[in-house]
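2 protein chains.
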Amino acid sequence: MKVLSKSSEYGLRALLYLVGNSSGQEYVSIRELSEQLDISFHFLTKILQSLTHAEILISYRGPNGGIAFKIPPEKIMLSDVVRVLEGDDFFNTCLLGLPGCGAQAPCPMHQFWKEIRGALKQEFENTSLASMGHTALLSSLRLGP
Amino acid sequence: MKVLSKSSEYGLRALLYLVGNSSGQEYVSIRELSEQLDISFHFLTKILQSLTHAEILISYRGPNGGIAFKIPPEKIMLSDVVRVLEGDDFFNTCLLGLPGCGAQAPCPMHQFWKEIRGALKQEFENTSLASMGHTALLSSLRLGP
DNA sequence: CGGTTTTAGGAGTATTTTGTCTTAAATTAA
DNA sequence: TTAATTTAAGACAAAATACTCCTAAAACCG
Chain A
1 MKVLSKSSEY GLRALLYLVG NSSGQEYVSI RELSEQLDIS FHFLTKILQS
51 LTHAEILISY RGPNGGIAFK IPPEKIMLSD VVRVLEGDDF FNTCLLGLPG
101 CGAQAPCPMH QFWKEIRGAL KQEFENTSLA SMGHTALLSS LRLGP
Chain B
1 MKVLSKSSEY GLRALLYLVG NSSGQEYVSI RELSEQLDIS FHFLTKILQS
51 LTHAEILISY RGPNGGIAFK IPPEKIMLSD VVRVLEGDDF FNTCLLGLPG
101 CGAQAPCPMH QFWKEIRGAL KQEFENTSLA SMGHTALLSS LRLGP
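Protein sequences appear in the order of chains A and B.
Numbering-wise (our numbering), the first sequence opens with residue 1 and increments by one.
Numbering-wise (our numbering), the second sequence opens with residue 1 and increments by one.
These are calculated hints, taken from the structure and not from any lab test.
Note that the structure is a prediction, hence the values are computed from the model and not measured.
Heads up, some of the hints might be wrong.
Intra- or inter-copy, both count: the list cannot distinguish identical chains.
[Unchecked claim] Keeping only pairs whose Cα atoms sit at most 35 Å apart, straight-line, the calculated DSBU-like set for lysine-lysine is:
| hint | residue 1 | residue 2 |
| --- | --- | --- |
| 1 | 75 | 46 |
| 2 | 46 | 114 |
| 3 | 46 | 70 |
Turn these sequences into a full structure, and let the hints guide you.
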């Protein structure tokens, strides 16, 4: 079950690394992130760029530059991140992919799926980056040993 | 949020159509399914083939041939279909896509995600095709008006 | 100022997923 | 037996996703 695109996976891993490995307001370079997490530097740059545009991160160029949280990670919910990286209707899709599906023309799975995705939405909206990342060891965010 | 591949979407739509539009043991042709549901005939053929291999459907060639349920749809759970079309570890993936993630080396989201996907698994395992399809009008399974 | 470090942005490439086409095999009916 | 109908199977093509590379712009340091 793949609910997130690679962009979201990488973005979340980077943010969780930030939570665990930056003490407050100093910038962490994207190069460090990409190397520690084994993610393509250029690809990660673009992902973090959109989080910067969305005002979840701030970036700074030049030596000792990088990215940092603009908002404290206690106030950033998983749903915020996912909505930026996956699109605004992330929690509003039809299980069967039918474009017309909705309250007034429901597919056979509509009610079933609506309840599940509603619960899932709530979980994502009630869970902060900080609560997921505060104990995150680097090793748990990497691929191999 | 796209949890299912196109193959699963199409496969489920075809099965739900079968539930609503076939009276028991007669074969429904894939041509009819593909035309009624606006799904590519050859693509759908391959999807239904794998459901036939998995013994959810039976197929018959020649005039008046087609596919039919091998098991009554009351006994086919959504999870059965999805496991065939998405793979056996569908309900066992890491949210962050980390290959090593598991009980003994959990990623920061492991516990969080394990609970959500466990609930989702239960819903899929407790819901039959029949219960979703018994009132399915054709129009609710099609794309446009 | 000139060189170095770092993010920004866009064009281009590779890989995966999705969809098409062609031929074969099974079944029926005339 | 011949023709028609239907699923089976595999090669091929298009589209979407994931990734790479190059150049620019900002910030710093000597």
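Do the hints match the structure? See the list:
Taking CA atoms no more than 35 Å apart as the test, residue 75 paired with residue 46 passes inside one copy only; the shortest distance there is 23 Å, against 47 Å between copies. Within a single copy, residue 46 and residue 114 get their C-alpha atoms as close as 32 Å, and across copies as close as 29 Å, so both meet the 35 Å cut-off. Only within a single protomer do residue 46 and residue 70 lie at most 35 Å apart by alpha-carbon distance; the minimum there is 17 Å, versus 49 Å between protomers.
When held up to the earlier numbered hints, the structure conflicts with none and fits them all.
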